[in-house]
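Engineer: Sequence:
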Amino acid sequence: MIGCTGFRNPEKVVGLRFPFPEAGSLSTRAIQEQRPFISLDVTTDFPAFIQPSGEETIQSWMGIPLIRHGSAIGLVSADHRERGVYTDHHVELAAILADHIAIALENARLHEKTYSMAMTDALTGLANRHRLLIEGRLLFETATRSGQPLTVAMVDVDRFKAVNDRYGHDLGDRVLQAIAACCTEQLRSSDVLARYGGEEFVLLFPGTRPATARIACERIRQEIARLHVPGLKETVSVSIGVAGGIPRRREDLNAFITRADRAMYQAKEAGRDRVNLA
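Following UniProt numbering, the numbering of the sequence shown begins with 1 at its first residue and continues without gaps.
In short, the hints are calculated from the structure, not lab data.
Be aware that a few hints might be false.
[Said to hold, decoys possible] Label pairs and their computed distance ranges (CB to CB):
hint: 1; residue 1: LEU97; residue 2: LEU227; range: 53 to 59 angstroms
hint: 2; residue 1: ILE73; residue 2: GLU141; range: 35 to 41 angstroms
hint: 3; residue 1: ARG166; residue 2: ALA225; range: 18 to 24 angstroms
[Said to hold, decoys possible] Computed list of lysine to any residue pairs in SDA-like fashion (alpha-carbon distance at most 25 angstroms, straight line):
hint: 4; residue 1: LYS233; residue 2: LEU171
hint: 5; residue 1: LYS113; residue 2: SER189
hint: 6; residue 1: LYS268; residue 2: ALA180
hint: 7; residue 1: LYS233; residue 2: GLY168
hint: 8; residue 1: LYS268; residue 2: ASP156
hint: 9; residue 1: LYS268; residue 2: GLY197
hint: 10; residue 1: LYS161; residue 2: ALA270
hint: 11; residue 1: LYS161; residue 2: LEU232
hint: 12; residue 1: LYS113; residue 2: ALA72
hint: 13; residue 1: LYS268; residue 2: GLY168
hint: 14; residue 1: LYS268; residue 2: ASP158
hint: 15; residue 1: LYS268; residue 2: ASP165
hint: 16; residue 1: LYS268; residue 2: LEU232
hint: 17; residue 1: LYS161; residue 2: ALA225
hint: 18; residue 1: LYS233; residue 2: GLN177
hint: 19; residue 1: LYS161; residue 2: ASP261
hint: 20; residue 1: LYS12; residue 2: ALA78
hint: 21; residue 1: LYS161; residue 2: GLU200
hint: 22; residue 1: LYS268; residue 2: GLU199
hint: 23; residue 1: LYS268; residue 2: GLU218
hint: 24; residue 1: LYS161; residue 2: GLY197
hint: 25; residue 1: LYS161; residue 2: LYS268
hint: 26; residue 1: LYS12; residue 2: PRO47
From the three backbone atoms N, C-alpha and C, an ideal C-beta is built for every residue, glycine too.
With the hints as extra help, turn the sequences into a complete structure.
Structural biologist: Here it is, written out as structure tokens:
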């Protein structure tokens, strides 16, 4: 149940879960048969009807399935404490409302899907650069207000162009996917991982000092070195630059990313396959 009105204790009703499919249930029949149902006495028609806690006993029930493109995507129902309340006229009115709700739900889902696609890297399934900058700026603002540290790590795959040149882009893509999965496994739920572009990834560690984040990045580097990508003969390695701290006045996320990027290039100049703390 995602919404309700008219109940004395709506907070006890919203969030209720109903088994589906449930043999003989009115909701199940309405959804499966894709047609409205009226019960003038639910205690007789379906004795197992789930009654909301702390409410008067529901006697009458009406359910209208939400239909889009020939499929039921939900249900709108109305309940009443008295028997024999709902008529065909009520069904006609509710069906008009249900059509509008179904269209609105479909539009909302399409918007959510489009937004997700716009914020997700298609190859790795990670956040893309645009989403990273949005989430990163919010984390930076939070760190600035709270006085808590924020650390950025820039990860670059070593000699990735040589991998593409020797094995082709298909295997190169699999290398990036394996690295993305490896990084994801090593991070906390509060951390942010994004594909920044090409063979570069960015990690955000909120509430974490650079020295602590460096330890996490070293663990990630070691795990990546253990990766086995079918078809690849060489060992995969990455160079990682780490920078951050408690944001100072006039600093922004780009300043942290720039410092991490510089530290990453210093790691490459020092021989690659290492973590460098700015």
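Engineer: LYS233 and GLY168: Cα distance at most 25 angstroms?
Structural biologist: Holds. LYS233 to GLY168 sits at ~13 angstroms (cutoff 25 angstroms).
Engineer: Please work out if LYS12 and ALA78 have their alpha carbons no farther apart than 25 angstroms.
Structural biologist: Holds - the C-alpha atoms of ALA78 and LYS12 are around 17 angstroms apart, at most 25 angstroms.
Engineer: Quickly compare the C-alpha distance for LYS161 and ALA225 to 25 angstroms and report which way the hint goes.
Structural biologist: Judged against 25 angstroms, a Cα distance of about 18 angstroms means the pair holds.
Engineer: I want to verify a distance hint. Is the separation of the beta carbons of LEU97 and LEU227 within 53 to 59 angstroms?
Structural biologist: holds, 54 angstroms
Engineer: Please verify whether LYS161 and LYS268 have alpha carbons no more than 25 angstroms apart.
Structural biologist: holds, 14 angstroms
Engineer: Quick one, are LYS268 and LEU232 close enough, alpha carbons at most 25 angstroms?
Structural biologist: Holds, because 21 angstroms separates the two Cα atoms, which is no more than 25 angstroms.
Engineer: Does the alpha-carbon distance linking LYS268 and ASP156 stay inside the 25 angstroms limit?
Structural biologist: It holds: about 9 angstroms lies between the C-alpha atoms, which stays within 25 angstroms.
Engineer: Does ALA72 sit within 25 angstroms of LYS113, going by the straight-line distance between their CA atoms?
Structural biologist: holds, 19 angstroms
Engineer: Assuming the hint says 18 to 24 angstroms, is it satisfied by the Cβ distance from ARG166 to ALA225 or not?
Structural biologist: holds, 19 angstroms
Engineer: Do the alpha carbons of LYS161 and GLU200 lie within 25 angstroms of each other, as the hint requires?
Structural biologist: holds, 12 angstroms
Engineer: Holds or violated: LYS233 and GLN177, Cα atoms, limit 25 angstroms.
Structural biologist: holds, 17 angstroms
Engineer: Assess, step by step, whether the Cα of LYS268 is no farther than 25 angstroms from the Cα of GLU199, and give holds or violated.
Structural biologist: With Cα atoms ~14 angstroms apart, LYS268 and GLU199 stay inside 25 angstroms; holds.
Checked against the numbered hints above, the structure breaks none of them.
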